[in-house]
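Trainee: Since the structure of chain D is already known, use the hints to place chain H on it.
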Amino acid sequence: MKVRAIVSGTQPPLLFPPYRSTIRRAPKEPLIRIPETLSDLNAPVYGWWPVGETDNDLTRQHQGEPQGERIIVSGRVLDEDARPVAGALVEIWQANAAGRYKHVKDDHPAPLDPNFTGAGRTITDADGRYEFTTIKPGAYPWRNHENAWRPAHIHFSLFGTSFRARLVTQMYFPGDPLMAHDPMVQSVRDDRARERMVSRFELGLTRPEWALGYVFDIILRGENATPFEERT
Amino acid sequence: MSETEPLIATPSQTVGPFFHFGLTGNPNGRMVDRLPAGAPISLVITVTDGDQKPVADAVLELCQDGVFGRMPTGENGTSEFLTTRPASHVSVCLFARGLLRQLHTRIYFPADAGLPHDQVLALVPEHRRHTLMASADPRDASIWRFHIRMQGSDETVFFDM
Numbered sequence: 000m001k002v003r004a005i006v007s008g009t010q011p012p013l014l015f016p017p018y019r020s021t022i023r024r025a026p027k028e029p030l031i032r033i034p035e036t037l038s039d040l041n042a043p044v045y046g047w048w049p050v051g052e053t054d055n056d057l058t059r060q061h062q063g064e065p066q067g068e069r070i071i072v073s074g075r076v077l078d079e080d081a082r083p084v085a086g087a088l089v090e091i092w093q094a095n096a097a098g099r100y101k102h103v104k105d106d107h108p109a110p111l112d113p114n115f116t117g118a119g120r121t122i123t124d125a126d127g128r129y130e131f132t133t134i135k136p137g138a139y140p141w142r143n144h145e146n147a148w149r150p151a152h153i154h155f156s157l158f159g160t161s162f163r164a165r166l167v168t169q170m171y172f173p174g175d176p177l178m179a180h181d182p183m184v185q186s187v188r189d190d191r192a193r194e195r196m197v198s199r200f201e202l203g204l205t206r207p208e209w210a211l212g213y214v215f216d217i218i219l220r221g222e223n224a225t226p227f228e229e230r231t
Numbered sequence: 000m001s002e003t004e005p006l007i008a009t010p011s012q013t014v015g016p017f018f019h020f021g022l023t024g025n026p027n028g029r030m031v032d033r034l035p036a037g038a039p040i041s042l043v044i045t046v047t048d049g050d051q052k053p054v055a056d057a058v059l060e061l062c063q064d065g066v067f068g069r070m071p072t073g074e075n076g077t078s079e080f081l082t083t084r085p086a087s088h089v090s091v092c093l094f095a096r097g098l099l100r101q102l103h104t105r106i107y108f109p110a111d112a113g114l115p116h117d118q119v120l121a122l123v124p125e126h127r128r129h130t131l132m133a134s135a136d137p138r139d140a141s142i143w144r145f146h147i148r149m150q151g152s153d154e155t156v157f158f159d160m
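Heads up: the sequence lines are chains D and H, in that order. So for the first sequence, numbering that gives the first Met the number 0 puts the first residue at 0; every next one is plus one. So for the second sequence, numbering that gives the first Met the number 0 puts the first residue at 0; every next one is plus one.
Keep in mind that a hint or two might mislead.
In the DSSO-like style, the derived pairs of lysine-lysine whose C-alpha atoms are separated by at most 27 Å in a straight line are [stated by the list, open to error]: (1) Lys52/H <-> Lys101/D; (2) Lys135/D <-> Lys104/D; (3) Lys101/D <-> Lys135/D; (4) Lys52/H <-> Lys27/D; (5) Lys104/D <-> Lys52/H.
Far from chain H by the CB rule (all over 10 Å, computed), these chain D residues [to be verified]: (6) Ile22; (7) Arg69; (8) Pro207.
For the record, the hints were derived by calculation from the structure and aren't laboratory data. Cβ atoms here follow ideal geometry from the backbone N, Cα and C, with glycine treated the same way.
Excised from the complex, chain D in its bound form (with noise of 0.2 Å):
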């Protein structure tokens, strides 16, 4: 069994100096590479999570309506040969709409929402699709250097088969103008890697008279590995 191996610059190096916080933190021993066939490939066992009936709507979570921008966000999880991942475990957080996260330490003088808590979890279905009802995030400023601001984004966070195909990702909004200032975007330096970041609008996965619609499909390394000739 092969796993592929990443290429060039579709994965952000561990040290990027524009994104300050990597400086103190990025090991600067080299990684030792697992071979495949020594990694553990365990399915982690995450049972504890109940997915609740309204865990997928995040704006349904409270007594009222929370303030701003209804969307759906909506994908498939698949892996590097376009096959589904099924039964894989999807959450997400973000910010509401003014910007702000329901976060004990976030100071950004926005107001908090008190209908919005900005987490969902959903399990994908058999052809590898989630959906997520919630509310389009706002941008907001986090002092990294002069006048920065993160885009809008909702972080994303995947189980799938295996420890090798854990992801964190953020997922962007497209025609976003902020991306192009943000180090964490930059830091992916491929720009057909970079836009599996961004989401689609997309007019049919939206609700007239509802919410607007956007797709983001997740591709996840490493997950059902099969046999194949090494690239180079």
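Mentor: Showing chain H alone in chain D's frame:
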């Protein structure tokens, strides 16, 4: 069968500092659902950065014989897992602000009979192997400590998978 170009995997991005309400930790630090077979232990893991300062905004994921656990670190950069002494090792996945990708490491237990035959440990230069060893609390043999030094002298060995 026609050869098709594989899809490019979605890039990783940092968890950032505000993940706590989205990535829930194990209740009471217990491994999920069931404890792996073995003697119960408390595994106390501390994370520090290149300035030897505690990393208070990390989240640790453990995988041990297929059983999973997840805890954020506290203000002292530490989280405590209630688990069992593993057959060979505990796999650890570390996420934090400032990490654009997760880091993988392993926790081994000194004097385990399997250590000399461990093929992954054999990949690690001898002078760095001690960074993968838990240490027993001198007062309580059921408490084990593990220090993840993200950068600098005695930097923990991290693996690429």
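Trainee: Next, verify each hint and record whether it holds.
Mentor: To see whether the hints hold, each was checked on the structure:
Only pairs whose Cα atoms come within 27 Å are accepted, and Lys52/H paired with Lys101/D is accepted, the gap being roughly 26 Å. Among the hinted pairs, Lys135/D with Lys104/D is consistent with the structure: their alpha-carbon atoms are about 21 Å apart, no more than 27 Å. Restraint check: the Cα-Cα separation between Lys101/D and Lys135/D comes to about 15 Å, which is no more than 27 Å; the hinted pair holds. Between the alpha carbons of Lys52/H and Lys27/D the distance comes to roughly 17 Å, so the proposed pair stays at or under 27 Å and holds.
With a CA separation close to 18 Å, the supplied pair Lys104/D and Lys52/H stays within the 27 Å bound. A Cβ of chain H approaches the Cβ of Ile22/D within 10 Å, the least distance being about 8 Å, so the stated non-interface status is violated. The non-interface label for Arg69/D is consistent with chain H: the shortest C-beta to C-beta separation is roughly 20 Å, beyond 10 Å. Against chain H, the non-interface label of Pro207/D holds: every CB pair exceeds 10 Å, the least being about 30 Å.
Of the hints listed earlier, the one the structure fails to meet is number 6.
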